[in-house]
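Participant: Given the coordinates of chain A, work out where chain B should sit on it, guided by the hints.
Respectively, the protein sequence lines represent chains A and B.
Taking our numbering, I'd label the letters of the first sequence as residues 84 to 415.
Taking our numbering, I'd label the letters of the second sequence as residues 84 to 415.
If you are wondering where the hints come from, they were derived from the structure by calculation, not from laboratory data.
Fair warning: there could be bad hints in the mix.
[As the list claims (entries may be wrong)] Taking lysine-lysine pairs in the DSBU-like style, the calculated list, with each CA pair at most 30 Å apart, reads: (1) B:K166 x A:K166; (2) A:K341 x B:K371; (3) B:K371 x B:K344; (4) A:K371 x B:K166; (5) B:K344 x A:K344; (6) B:K344 x A:K371; (7) A:K341 x A:K371; (8) B:K371 x B:K341; (9) A:K371 x A:K344; (10) B:K341 x A:K344; (11) A:K166 x B:K371.
These numbers were taken from a predicted model, which means no experiment stands behind them.
The chain contents come next:
Number of protein chains: 2
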Amino acid sequence: MPVGTQGSVKTVSSEELEALGFELILANTYHLSLRPGSDLVERLGGLHGFMGWRGGILTDSGGYQVMSLSKMRTITDEGVRFKSHLDGSEMFLTPERSIEIQAELGVDISMMLDECPPYPCSREDALAAMNRTHLWAPRNLAARRDGQAVFGIVQGGVHEDLRRESAAFMSELPFDGMAIGGVSVGEPTEMQYPVVQLTAPLLPRDKVRYLMGVGHPQDILHAVSCGIDLFDCVLPTRMARHHCLYTLEGRANMLNLKWAKHNGPVDAGSVFPSTERYSAAYLRHLFKAGEPLGARLASLHNLAFYARLMAEIREGVELGTWAGLMERYARA
Amino acid sequence: MPVGTQGSVKTVSSEELEALGFELILANTYHLSLRPGSDLVERLGGLHGFMGWRGGILTDSGGYQVMSLSKMRTITDEGVRFKSHLDGSEMFLTPERSIEIQAELGVDISMMLDECPPYPCSREDALAAMNRTHLWAPRNLAARRDGQAVFGIVQGGVHEDLRRESAAFMSELPFDGMAIGGVSVGEPTEMQYPVVQLTAPLLPRDKVRYLMGVGHPQDILHAVSCGIDLFDCVLPTRMARHHCLYTLEGRANMLNLKWAKHNGPVDAGSVFPSTERYSAAYLRHLFKAGEPLGARLASLHNLAFYARLMAEIREGVELGTWAGLMERYARA
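Bound conformation, chain A alone (with noise of 0.2 Å):
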């Protein structure tokens, strides 16, 4: 899933997300209820016509962003109060209203609240935020309107017990999918890897696996290897805007001298249609004038780079050999 935060992916049309085979994409509850607002989107058609997106749509619960944008916050056992970080206005979060504010924007994917704690975080702190996000889960279910597909998040940290109990107690509920979440919060790699290896084949084997927020080719490959099926990353489109473009040579910086005289593509393999159209001089003149555009065609190169990769992977995995692409994507 491609990210559009506040309901468009940065500088990419809708058009054009659909040109490149995208099929879902994340969109952020806590942005899009403070500005708009999900009431206004409810009664502009829902998300969906609101920015003119014929794909599906799966939203966060609005949880991290609260914990992560928002000063002067209190959380408690029935919710976050915070004040928006855009007028500073008091708002209260709960499980029933993140669900609800989900059915507003009319998405095809809610996800629960949980309590999502930072890196580093003690063993006390995980474990509390694990109790409060199963006390939430049963509520968020509850709130559901007909039809609304909730997804369950598991939490529990770094720890292997934690995250054995709340992949447990997630799988008793009927959610409608299964995200691991309290990854890719900060922790460096070699702590995100066992957490996702040990917790993936704990998840319901009928359910939708989602690991939120990540991540580079190489964590997304590592997890599918884990049994994971669905990814959301802002990777794509913001090392574009910060003027790196991903091949499999490794990721290219654009200010870099080497392109200043380069006539030809970044990444000739790349299957973003209008490489051969614009030059690594004129993309690296683009950034170096402050010039939009720039960004706008590294997003694109960027975004063709990731849906290949998942097209290779779901490819690879029907016909058994996906595990070339490990080595293919060794250095992206």
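Facilitator: Chain B only, in chain A's frame:
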């Protein structure tokens, strides 16, 4: 001509310009000669190849930007000495050098280096600028490479006798087209119209007539009625970045609260193909949220509006019905 100052019409791709039906764009010699440098652009296949643009390109001479952007400039009969606004390095622009830079850029139409006085300007200064422009005209022509098309520029400020003298002088020289310069430099419309009305009919009937830097739809229609063929203007894209959309009912400011709940296009009559997909409320949200897609969609809308204006003018001239357009665009 949409304006691609630094080799990019801001936020818009070359594919999109082609799809909108534009056949000629303007780029800025001053900006491109400083960054990335005309010698580099030449080595990379010229500006067409550099920016992946398959239509025509006209460049200005660089003189106007030297005057408006550069501090510490000294103008003599030889040329203009100035410091780059990017790094303060000292540069010297002469008629010969301007024509050479434009040849290196490999464009289809080069503009002669003239002296364009600012507004307001005394009659004495307008006379001096005109005389220096006349002094430079033959030097521009002598510097042409084989096959390089160069347009002359008539100066003379708001003074009828000077405009007559300049038009007569320039008309004698073997330029490939003729421009009216020194308008749209800050003077009120009621001072601009008489200059265009006076000067346009004095230009050779068998050469293209180009009114530099104009303008609003009304200004373009007035100028066409005086016999002008060609225009460049930053308004469609600059207005778009300032959240203003051109419509036949007048300019729409997308920050206006009246659009907040408007679940339909800003301009139902727009010829921009994505008009039905993105509502006014969504466009307003993009601007309010600082999403770069807002300026991009607005730019495409405004360019489509101008492309239609010019298409309707061409059609109206051929059919002899074009005077009706004055009313059609009276509020635009």
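Participant: Take the hints in turn and mark each one as holding or not.
Facilitator: Now the hints, each set against the structure:
1. B:K166 x A:K166: Judged against 30 Å, a Cα distance of about 49 Å means the pair is violated.
2. A:K341 x B:K371: Not OK: K341 of chain A and K371 of chain B at ~38 Å, beyond 30 Å, violated.
3. B:K371 x B:K344: Satisfied, since the Cα-Cα distance of roughly 14 Å is no more than 30 Å.
4. A:K371 x B:K166: holds, 19 Å
5. B:K344 x A:K344: violated, 49 Å
6. B:K344 x A:K371: violated, 38 Å
7. A:K341 x A:K371: holds, 14 Å
8. B:K371 x B:K341: holds, 14 Å
9. A:K371 x A:K344: holds, 14 Å
10. B:K341 x A:K344: The given pair, whose Cα atoms are some 49 Å apart, is violated under the 30 Å limit.
11. A:K166 x B:K371: Roughly 19 Å separates the two Cα atoms, so the pair holds.
Hint compliance for this structure: hints 1, 2, 5, 6, 10 are broken, all remaining hints hold.
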